[in-house]
Structure formats: C-alpha cells, structure tokens
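Undergrad: What follows is the residue order along each chain.
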Amino acid sequence: MADIQTKIRTKTQGDVTDVLVLVDHPMETGQRPDPKDKDKKVPAHYIQKLTFSVNGKEVVSSDLGPAVSKDPLVGIKLKGAKPGDKIQVNWSDNTGKSGSGEATVG
Amino acid sequence: MTHLPRRLFLKNTLATAVLLGAGSAGLFRPGWALAAEWPKDAFSAKKLDEAINALFGSSQTSPSAAIKLKVPTQAENSAQVQIQVMADMPNVEAIAVFVEKNPSPLVAQATFAGAEGYFSARMKMAQTSDVVAVVKAGGKLYSARQNVKVTAGGCGG
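Residue numbers (the numbering used here), protein chains in the order written: chain A, 32 to 137; chain B, 394 to 550.
Worth double-checking, as some hints may not be accurate.
Said to hold, decoys possible - Facing chain A, according to a computed beta carbon distance under 8 angstroms, are these residues of chain B, among others:
| no. | residue |
| --- | --- |
| 1 | D434 |
| 2 | A438 |
| 3 | A503 |
| 4 | S513 |
| 5 | K517 |
| 6 | A537 |
Stated by the list, open to error - So these bits of chain A aren't anywhere near chain B, every CB distance computed over 10 angstroms:
| no. | residue |
| --- | --- |
| 7 | I39 |
| 8 | L51 |
| 9 | K72 |
| 10 | H76 |
| 11 | K80 |
| 12 | K88 |
| 13 | E89 |
| 14 | S92 |
| 15 | S93 |
| 16 | D94 |
| 17 | G96 |
| 18 | P97 |
| 19 | S100 |
| 20 | P103 |
| 21 | G106 |
| 22 | G130 |
Stated by the list, open to error - DSSO-like, lysine-lysine: derived pairs with alpha carbons at most 27 angstroms apart:
| no. | chain 1 | residue 1 | chain 2 | residue 2 |
| --- | --- | --- | --- | --- |
| 23 | A | K128 | A | K117 |
| 24 | A | K117 | A | K67 |
| 25 | A | K38 | B | K440 |
| 26 | A | K72 | B | K440 |
None of these hints come from the bench; they were simulated from the model.
Glycine residues also receive a C-beta, built at the ideal position from the N, C-alpha and C atoms.
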C-alpha cells in the first residue's frame with residue numbers, strides 16, 4: 032500500500048539501538064459513530080501484526096489491538112546492532128492490507 | 394426411465410456442489426489460520442484476568458520491581474497515552490500491555506527473540522484506570538501496574 036507510509040527511525044547510544052516505527056494508519060476501533068450517519072459506526076480498521084527483523088531475522092513480533100492510538104508509534108531496543116544492519120518492519124491490518132518499511136542502522 | 398438421468402444429473406451436481414463447498418472451505422482455512430495467529434480471544438476478552446489468561450494461559454502474575462512502566466500519571470489526551478515498558482530481567486519472552494478499564498483490556502503484546510525487553514507505544518484509554526504491564530520471562534509471569542488519570546476537558550482535576 033503505497034498510500035500508507037511506514038517510517039522508521041533509529042538512534043544508537045552506546046551498544047543499544049532505539050528503533051521507532053511510525054505507521055500512517057487510521058486505527059479505527061469499530062466503536063466510533065459515523066459522523067455522517069449516527070446510526071452507523073465507522074468500520075474497524077486497525078493493524079494486527081507488526082514485526083521487526085534485523086538482517087532478515089525476526090526479532091520482535093507484536094500483536095496490536097484497536098486500543099493502540101491512531102498513527103501508531105512503536106518502539107523497541109536492540110543490543111549490539113552494527114552500523115549498516117538492515118532493519119525491516121512489516122505490518123498487516125484486519126482488512127488484509129499490509130505494508131513494510133526498511134532502514135539501516137546509522 | 395427418462396427421469397433417471399435427470400435425477401442422476403441432479404444428484405451428481407449436488408454432490409459436486411458439496412465437494413466444491415468443502416474444497417473452498419479447505420482453501421479458506423490456511424488464510425483463516427494465518428489470521429488466527431493474532432490472538433483474537435485475548436483481544437476480545439472483556440476482563441483483565443480473562444485477557445491475561447487467554448494470552449499466556451494463566452492469570453497468575455507476581456509483581457516485580459524489575460519492570461519499569463513509564464506512563465504519565467495524568468493523561469491530557471486519552472487518545473494518545475505514551476507508554477514505555479522496560480523489563481530489566483534476563484530471558485524476556487513477551488511483554489503485554491493492558492488497560493484495566495478499557496472495553497477490551499489488551500492493548501498490545503510483543504514477543505521477543507533477540508531484542509531488548511523494551512516496548513513502547515501510544516494507546517487510547519476510555520477512562521481513568523490502572524495500566525498493567527505483564528512480562529513473561531523464563532516461563533514466569535511478572536507484572537507492574539500504575540494508575541493513569543484521564544482528564545476529560547483538559548483542565549486537570
């Protein structure tokens with residue numbers, strides 16, 4: 032999905048690397064009334080799976096629920112990541128959409 | 394005698410339809426199984442204990458000071474509450490975040506294989522509630538909790 036952006040930022044301090052991911056996603060809970068039609072609700076649309084890989088090896092696999100905020104910003108920490116290591120993030124939502132982003136440890 | 398072929402035909406088409414139905418159900422199953430990896434029961438549980446139980450298979454957690462839960466004590470915007478969980482212990486397998494009084498308490502969970510025991514995100518809160526972090530390390534469950542006050546209207550209180 033080209034229309035949903037996945038941004039990754041890394042910051043290394045000592046031997047710990049912070050990885051922050053921002054996905055441009057609505058994260059609809061399915062509980063909010065439709066602003067145009069009060070009897071209807073905005074259908075649920077949220078990310079369910081978000082995985083982090085380093086050089087192709089999965090290190091963190093997270094399951095998100097509708098309670099995660101709009102445009103989720105998820106952070107993890109890696110130990111001993113070297114400059115040049117490739118970090119890849121993949122996500123998929125409840126409607127079957129998916130996206131990914133890549134970054135290199137700086 | 395002329396009816397027989399028709400009956401046979403009907404019977405056969407019905408059988409084919411049934412087979413096709415079963416076939417397509419079978420075809421759908423892999424996709425369904427993939428989606429089921431996402432712990433639906435845990436996310437739809439309405440009570441904190443049920444959610445922890447559905448996720449980890451047990452709701453017995455022991456409080457631990459090694460888990461650092463960083464959340465604001467007072468949230469100005471209940472739709473964007475920053476949370477950070479740091480588990481300062483070896484062999485962290487999973488971290489889960491719950492908001493006790495949300496309609497569905499489970500917010501997110503992460504399993505680790507080679508990363509530090511750290512997870513941060515932003516979450517929505519329905520009302521003032523305890524935020525609970527459950528950490529699975531070395532096969533045991535540990536927890537930490539903190540109350541977060543949600544102020545409607547943004548004027549403190």
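Undergrad: Checking each numbered hint in turn, tell me which of them this model violates, lowest number first.
TA: 1, 2, 6, 8, 11, 12, 13, 14, 15, 16, 17, 18, 19, 20, 21, 24, 25
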